[in-house]
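Protein chains in written order, with our numbering: chain A, 1 to 259; chain B, 1 to 273; chain C, 1 to 254.
Just so you know, not all the hints are guaranteed correct.
Computed list of chain B residues with no C-beta within reach of chain C, every gap over 10 Å [claimed, not checked]:
| id | residue |
| --- | --- |
| 1 | Trp15 |
| 2 | Thr36 |
| 3 | Val111 |
| 4 | Leu119 |
| 5 | Ser129 |
| 6 | Ser159 |
| 7 | Leu164 |
| 8 | Val167 |
| 9 | Ser170 |
| 10 | Leu171 |
| 11 | Ala173 |
| 12 | Pro185 |
| 13 | Leu186 |
Here are some, though not all, of the chain A residues that point toward chain B, as calculated from beta-carbon distances under 7 Å [said to hold, decoys possible]:
| id | residue |
| --- | --- |
| 14 | Val56 |
| 15 | Asn58 |
| 16 | Gly60 |
| 17 | Glu70 |
| 18 | Arg71 |
| 19 | Thr160 |
| 20 | Ala164 |
| 21 | Ala165 |
| 22 | Val167 |
| 23 | Lys169 |
| 24 | Glu184 |
The set of hints was computed from the structure by calculation and includes no laboratory data. Glycine residues also receive a C-beta, built at the ideal position from the N, C-alpha and C atoms.
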Amino acid sequence: MKRVVAWLLLALALGFGCRSQGEKPRLVVSAASSLAEVVAELKALYESKYGDVEVVLNLGGSQQLRAQIERGAPVDVFLSANVAHVESLASENRVAEWFVASCNSLVVAVPTGNPAGLRRVEDLVRARRIVLGADEVPVGLYAQRLIHNIQARDGGDFATTVEAATVSKELSVRAVRNRVLMKEADAAVIYRSDALAAGAGLEFIEISDSINVIARYPVARLEGSANPEAARRWMELVRSPEGQAVFERFGFRACEEVE
Amino acid sequence: MTQGQQIRLGRAMVWLLSTLMVGLLLLPLLGLALSTGFSEFVAGWSNPAVLPALWLSLETSTLSLLLSLLLGTPLAWLIAQSRGQRQALAESLFKLPMVIPPAVAGVALLVTFGGSSWLGAQLATLGLSLVFTKAAVVLAQTFVSAPYYLSAAISAFRSVDSGLMWVGRSLGAGPARVFFRIALPLAAPALFSGAAMCWARSLGEFGATLMFAGNLSGRTQTMPLAIFTALESDLQAAQALSIVLVLAALMVLFGTVLARRMGRSRQEKGENL
Amino acid sequence: MTSRALQVDVQVVVGAFALDLQLELGATERRALIGPNGSGKSIALRTLIGAHRPNRGVIWVGDRCVFDSARPLALPPEARRIGYLPQDYGLFPHLSAAQNVEFAVRSRHPQWSRSERLQRAVAYLDDLGVAGSRARRPGVLSGGERQRVALARALAAEPTLLLLDEPMSALDIEVRREVRSFLRQTLERLKLPTLLVAHELDDVLSLADRVSLMDKGAVVETASVEEAARRPPTAFACEFWRTSPKQEPNALLE
C-alpha cells in the first residue's frame, strides 16, 4: 500500500509519462525548494557534461521529500535543507553515502526603505510585524534557535517581544520572503541566499556568527537507486570546485566543517 | 442483441459507473481513516494546534456564511428579477471567484487590500490593517465561497413562480411581505443547499487564506492551514488533523439535516385549528 | 363616475403585444371577457391588478383612481383592492388553506393576533363550504376545493372588484358543471362587480350578465349575454360562437 502511495506521489510530482523505448535514462534528484536555483544550474552543468542522462528535478519541502523516499519513491539523490532528515534516512539504511554540500546562514530581511529602522538583529524588538517560517520548516526552526541564542545571551524580554510581534509563520522560506517583498512585514528572518537572490527587492542585515545559526545542506546518494553510476557522478559534481562555485553564486557559503 | 439484453447491459453499465464514482469519492476518505491508527488519532487531538485551529475554522466559516447570506440574498433576488443579457452577464461575473485558483484569489486580495495598495493605505490612516487578521480570513473565505451560494440562490429565486408574487400583492401585501412570506419560504430548500455548499467551501479554504491572512495559530491558522503546517514535519499529525476536520464537518452537516427535519415536522404539526 | 365599478381606458405594451383597452363595469355587473387566444384577455386582467404598467390612460376602480398616466399616478397592486384569481388559482403551496386565507386577512387587519386572523380565515373558508380543508395544503385539495379556497382568500382581502382568469379551465370536465353552479350562486350572493375571462360558452352563459369580445388587443363589442346568445351582432362574433365547443345557447340556467 505504502509503495503504491509513494509511486502515485512521485508520478504526480514528475508528471505522468510512459517510458517508451529510446528515452534517456533518468537521474531523479529530490531537492529542497531553497536550493531551486542551485540545482537548476547543477542540472544544466551535469547534462552538458554527461549528455546521456536526463536529470529530473523534484522540488519540495525537505520533510515531504523525505516522506516520499521513506515510502519507496524512486529517488536517486536527495538534497535536503536539514541534516536531520538525511541522518534519519541513514539510520533506516536508505543512504549509500552523504556529505554536507554547502551551508547557509540567516539574515534579517527588511522592505526597501527599512520602515522600522532596524540596524541589528537585536532591533527586532522594535519591529511591529515580524514574519518567520513555521516551526515545522527548517528556516522557522533555525529562526527559533537564533532567537533562543539571543535570549540566552542578553536575557530580558527579547523572545516574548518578538513572539508578540510575529504576525505569520509561513510554510516556506520563499513565502516568508514574499511578505517582505510585498511590504506586508517590517522584518523577517530568512536565509542569506534567498535574501541575495531577491536583489533590489529588499535589504538585509547580517547577523554575527557567534549567535547565528548555520544551516547545513547535505547531499545524499540513496540505496536502491536505479542509476548508481549517474548518482555517483552527481555527488562528485557537487563536491567539485565547479559545483561549489554554483552554490556560492547563489549566496550559499562553503562550510568549514565537512562530514 | 435482444431488447432484454440491451436493457440488462444498460443497467449493468449504470451500476458499474456508479460504483466507480462511489469508489473515487469514498475510498480516499476510508483510506485516510484506516491508515491512521487509534493512538495516532488521539495524539492528533492532543496536538496543541488543533483546538485553536478547529475553533477558528468554525468561527470564521460561520461568519463568512452569514456574510454571504446577508449580502448575497438581496443580490440574488435582484439578479433573478432581471432578464436577458444583463442577467447573463451578472451571473457569469459573480461566478468568477469560483473558477480562479485559490492562490490567485489570495494574490488578488493581497494586491487590493494589502499594505501597499490604495485601499490598504486608506485603512492604514485609520490605524487599521487587514492582512494577518481574522477579518482577512473571513474575507478570503467569503470571496471564494459566496459565489456558490449566489448561484444557487439565483436559481432558487428564479424557480419561484412570479405569478404567485403578483397574487400576493393583489391580496394587499407589500413587496417585503411577499418576499419574506412567499418567495423566501418557497426558495428555502434550494437556498439551504446553496448555503451548505458555501459553508463547506469556506471550511476547506486554504490557498487564499494563507496568502492574504497569513498563518498564525489562534489568529489566522484555520484547520486546513494547520494540516498543511503539520505536513511539513509530521505526516501522522497531519492525517489525524485531517480526520478531525472531516468529523467536525460531518457533525455540522448531520446537525443541519436534523434541524431541518425537526423544523419541517414542527411546521406540519403547527397550524392545526 | 361613482356608479361605475370599473372604468378603464389604457394603452399597454407587453413585449411585442399592444393592448388598447376600454371598459366600463356597472356596480354589481358580472362581465365575461371572451376572444381568441392571443387577444389580450389575460394581459388585460394583469394590467388591472398592476402587473403591467400602461403607457397611457386611466383606471378607476369605483370612486378611486388607481392609475393615471397624466398625473402621474400608479397605485401599487397592494393598494388597489382588486381581487384576482389566475388560471391555476395561485394558492401558496407551502401554506395550508387557512394560512393562505390568513395571508389576505393580515392585509386588512394587521393589528390582530395570529389566532384572531386564522379564526377569521376559517370563517371565510366556511362561507364557501371548505372549512373542513383548512389544515390541508393546496397540493392535496381537489380542483373544486382549490377554487373555493382561492376565492375565499381573494374575498378575505375585501376587494371592491373581482377578476377571474378562466376560473374553470383548471378543472376536470366532469366536475365543471357542479363547480360552475356553486360559483354562480356565490357570485350572485356576493354582488361584487366581476370581470371574468372565459373560453367556454357554458361559463359565459352561467356566470356573466354581459359579455365583451376582445380581438387583437381591443374590445370589439359588448352586449348582454341574452342578446349575444340569441343574435350575435357581427359576423366575427358569429364566428366565435360557432367555433366554441358547446351545445344550445339557451342553456342559461344550470
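Comparing the hints with the structure gives:
1. Trp15: Per Cβ check, tryptophan 15 of chain B is outside 10 Å of chain C; nearest 34 Å; holds.
2. Thr36: holds, 45 Å
3. Val111: holds, 45 Å
4. Leu119: holds, 40 Å
5. Ser129: Non-interface label stands for serine 129 of chain B: nearest chain C Cβ at 47 Å, farther than 10 Å.
6. Ser159: The claim holds: serine 159 of chain B sits with its nearest Cβ about 12 Å from chain C, beyond 10 Å.
7. Leu164: violated, 6 Å
8. Val167: violated, 4 Å
9. Ser170: Nearest chain C Cβ is 4 Å from serine 170 of chain B, so the label is violated.
10. Leu171: violated, 4 Å
11. Ala173: violated, 6 Å
12. Pro185: violated, 5 Å
13. Leu186: violated, 6 Å
14. Val56: violated, 23 Å
15. Asn58: At 16 Å from the nearest chain B Cβ, asparagine 58 of chain A fails the 7 Å test, so the hint is violated.
16. Gly60: violated, 10 Å
17. Glu70: Check failed: Cβ of glutamate 70 of chain A comes no nearer than 9 Å to chain B, outside 7 Å.
18. Arg71: violated, 9 Å
19. Thr160: Since the shortest Cβ distance to chain B is 15 Å, the answer is violated.
20. Ala164: Interface hint status for alanine 164 of chain A: violated (11 Å vs cutoff 7 Å).
21. Ala165: violated, 11 Å
22. Val167: holds, 4 Å
23. Lys169: holds, 5 Å
24. Glu184: holds, 5 Å
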